[in-house]
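Asks: In order, the protein sequence lines correspond to chains A and B. Under UniProt numbering, think of the first position of the first sequence as 1, with each following residue one higher. Under UniProt numbering, think of the first position of the second sequence as 1, with each following residue one higher.
Covered, in the sense of this in silico footprint (three residues per stretch, anywhere, with C-beta under 8 Å from a C-beta of chain A), are these stretches of chain B:
{"id": "1", "region": "59 to 72"}
{"id": "2", "region": "100 to 107"}
{"id": "3", "region": "152 to 163"}
Derived from the structure by calculation, the hints contain no laboratory data. Treat the numbers as computed from the prediction; the structure is a model and nothing was measured. Ideal Cβ positions, reconstructed from N, Cα and C, are used throughout, including at glycine.
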Amino acid sequence: MRGGRPDTLMAVTHGKLTRSTRLSLGAIPFVLLIAAYAVGSHLRRLENPADKLLPPFGKMADAFWEMATVPDKRSGDLLLWSDTALSLGRLGVGIAVAALIAVSLGVLIGFVPRVRASLAPFVAAISLIPPITILPILFIIFGLGELSKVMLIVLGTAPIMTRSLAQAVIDIPREQIIKAETLGAGPWQLVQRVVLPQIWPKLVTAMRLGLVPAWIFLISAEAIASTGGLGYRIFLVRRYLAMDIIIPYVLWITLLAYTLDRLLHAFSRRAFRWAHLEGDSL
Amino acid sequence: MSFVAVRDVAVSYDETPILERINLDIDEGAFVTVVGASGCGKSTFLRLLLSQESATRGTITLAGEPIPDRPTPDRGIVFQRYSVFPHLTVTENLILPLELARSRHFGRLFGARRKALCTEVDDILVRIGLAHASDRYPAQLSGGMQQRLAIAQALLMKPKLLLLDEPFGALDPGIRRDMHELLLALWEEIGMTVLMVTHDIAEAFKLGTRLIVFDKVRHDPDAPTAYGATITYDLPLRRPSAQRTDIATASVEAADALDQTISLLTNENRKGAPQ
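This is chain A alone, in the form it adopts within the complex (with noise of 0.2 Å):
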């Protein structure tokens, strides 16, 4: 068979795989480390049953049922919501503040030559402050409250947000802009007609981007000062060694984001469909 080898060589390069292969396959490293979780905790219990390190699923189920549905003894939350309700907020409060700076910012750095000459290496500047750093003068600043922890998301995230943003103002074609004004557009028509249409799209995308290291901040401003949240949490059953609740939590993180990211990315699917004609998006 000398035509068979290159033929399945090709395939393994080539070849389209149906909706089904790429889910199983998909399906393979998720399967490899839930089995591997299995394993572990079973050798160790069976070394010592009152292991707390690796928990059987079971447990972990019933610790993270008993967070959504029994309420708490001492506030009488159901803790699971509750926690996720002002870690949601938090993250959405933040995130939000940081896009109206981003687009604000962006727009004037990118269209406008003087503007971009005085802010942009300001920006540029503050970006590359670690947030976390400044967590301490937030708190002294803005006192333990909410206040300090929106503000860490939103300086974690406004900078870079706000430089993505002005380099995708400058990356619309001068030829656009041109056009527009032969088409009778004024400066502010420009901006409304085509400059902001136009970054939309991009928006949705730094925002899923900034999303990121925003519940980075989130969980560790939670987990410095606060008194509820999905951070606080995890950081607060760390002392009892609960690894039955800080798994299901940090799953519950993961599956919460990375709906959010899913959620975004469905918006500007359906918002902004002429962005997404050509290639392919993640």
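Fit chain B to the given chain A structure using the hints.
Replies: Frame of chain A; chain B shown alone:
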């Protein structure tokens, strides 16, 4: 006073002359085609007429008035690429100039007034053969369809002067021929003045009533950038519209001969392979 008058115009970038001693008068209703080797400044000249760039020296007047220092609706433009707005559908691209004119603050109309505009451009859509594609975005159109849209959009403002910067450079030959027909028909119908920059000499002969060649007349082999380009040929092309097709065919043949002559004259051979 001629319609477009260019007087002793020169352009240099950081002391490097690009264009020098440009003098040109264009009559109203003329179709001027501009050719020349790459880098000879023909696109720079078009950008001067558009006010996208300004001359280092000299004056340009349009209908007796000095041209404004910003691009304005009295001069329409079609570029080779990026001429239509990717975030607007075909219809939205066409009503944009009307919206800009009627809504000074937002540049956008809503509801019944917007609907009225959409009906207003229906005829244009049919005329440029995009009626079936009115809800598509530019990314969903072929290159030829995009350029038809770009031309129609530019003409909506009824510009005194239509500027075309290699508008058909990226199109297939067959499509290009259709575009020529459309453009000539519109030009004859509206009677506007056109200035078109092109790489394609046959196209320049076929479409123009006047052909202009840009080239460097002075050349210093030790300092190739020492001198700018200027107008070296200015050929009136007689082309009564009734005989257009015959003459167009004849001039395509003539163009091949001239093509070779011009490329000799413009040193394209010396520089190596032309584009």
